[in-house]
Amino acid sequence: MVRSFARAAVVAAVLAAALAAPSGGPRAETMEDVRERGLLRCGVSSSGAGLAAVDDNGNWRGFFVDMCRALAAAVAGKADRVEFVETNSENRFAILRNGEVDVVMEGTTWTLQRDATFGIDFPAVYLFDGQGFIAHRAQGIARLSDLPPGASGSA
14 MVRSFARAAV
24 VAAVLAAALA
34 APSGGPRAET
44 MEDVRERGLL
54 RCGVSSSGAG
64 LAAVDDNGNW
74 RGFFVDMCRA
84 LAAAVAGKAD
94 RVEFVETNSE
104 NRFAILRNGE
114 VDVVMEGTTW
124 TLQRDATFGI
134 DFPAVYLFDG
144 QGFIAHRAQG
154 IARLSDLPPG
164 ASGSA
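Numbering-wise (this note's numbering), the sequence shown opens with residue 14 and increments by one.
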């Protein structure tokens, strides 16, 4: 429990420092804006249970939501000083650039083109994902190409 809290605090501090880092872009003062407003406007997309979803009571839950709360605690002083704004893959960059949100927390690929041309900062990797395949040793599958044609991979 203590380790997970310490990790969350470190992540929040890194994200807060990243918000404060001068980017030369139009939103370099984001952290000061959040502190003055006393509220972090955080963009999240409905990514599903565990990542970001609205529960039956209308409350946002999940990893990305918790990252927003950690950042709000670090910058605005309290984890509940966050306003969630629903985003999607089509509008997430536009609403970040035009200032509708202060930060977007979701699974967005950090690419050189986005970093160089979008006018936004990608401050830290806070989720690393990937794909893996598992097969029983008895099947003799050592690599993906060993799967029989048409194999769905589902159990």
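Be a bit skeptical, because a hint or two may be false.
Using C-beta positions, here's what the derived DEER-type ranges look like [what the hints assert, rightly or not]:
(1) A151 x K91: 27 to 33 Å
(2) R50 x D159: 26 to 32 Å
(3) E45 x L125: 35 to 41 Å
(4) D93 x P161: 23 to 29 Å
(5) R150 x N72: 40 to 46 Å
(6) G143 x E99: 25 to 31 Å
(7) A151 x T121: 18 to 24 Å
(8) E45 x P161: 22 to 28 Å
(9) L160 x E49: 29 to 35 Å
Keep in mind that the hints were calculated from the coordinates and are not lab data.
Using N, Cα and C, we set each Cβ at its ideal position, and we do this for glycine too.
Outcome of the hint check:
1. A151 x K91: 27 to 33 Å: violated (54 Å)
2. R50 x D159: 26 to 32 Å: Given range 26 to 32 Å: violated, Cβ gap about 56 Å.
3. E45 x L125: 35 to 41 Å: The hinted range 35 to 41 Å is violated for E45 and L125, with Cβ atoms some 29 Å apart.
4. D93 x P161: 23 to 29 Å: Check failed, 52 Å falls outside 23 to 29 Å.
5. R150 x N72: 40 to 46 Å: holds (44 Å)
6. G143 x E99: 25 to 31 Å: holds (26 Å)
7. A151 x T121: 18 to 24 Å: violated (40 Å)
8. E45 x P161: 22 to 28 Å: violated (59 Å)
9. L160 x E49: 29 to 35 Å: For E49 against L160, whose Cβ atoms are near 56 Å apart, the range 29 to 35 Å is violated.
The structure fails hints 1, 2, 3, 4, 7, 8 and 9 (numbered hints given earlier, in ascending order).
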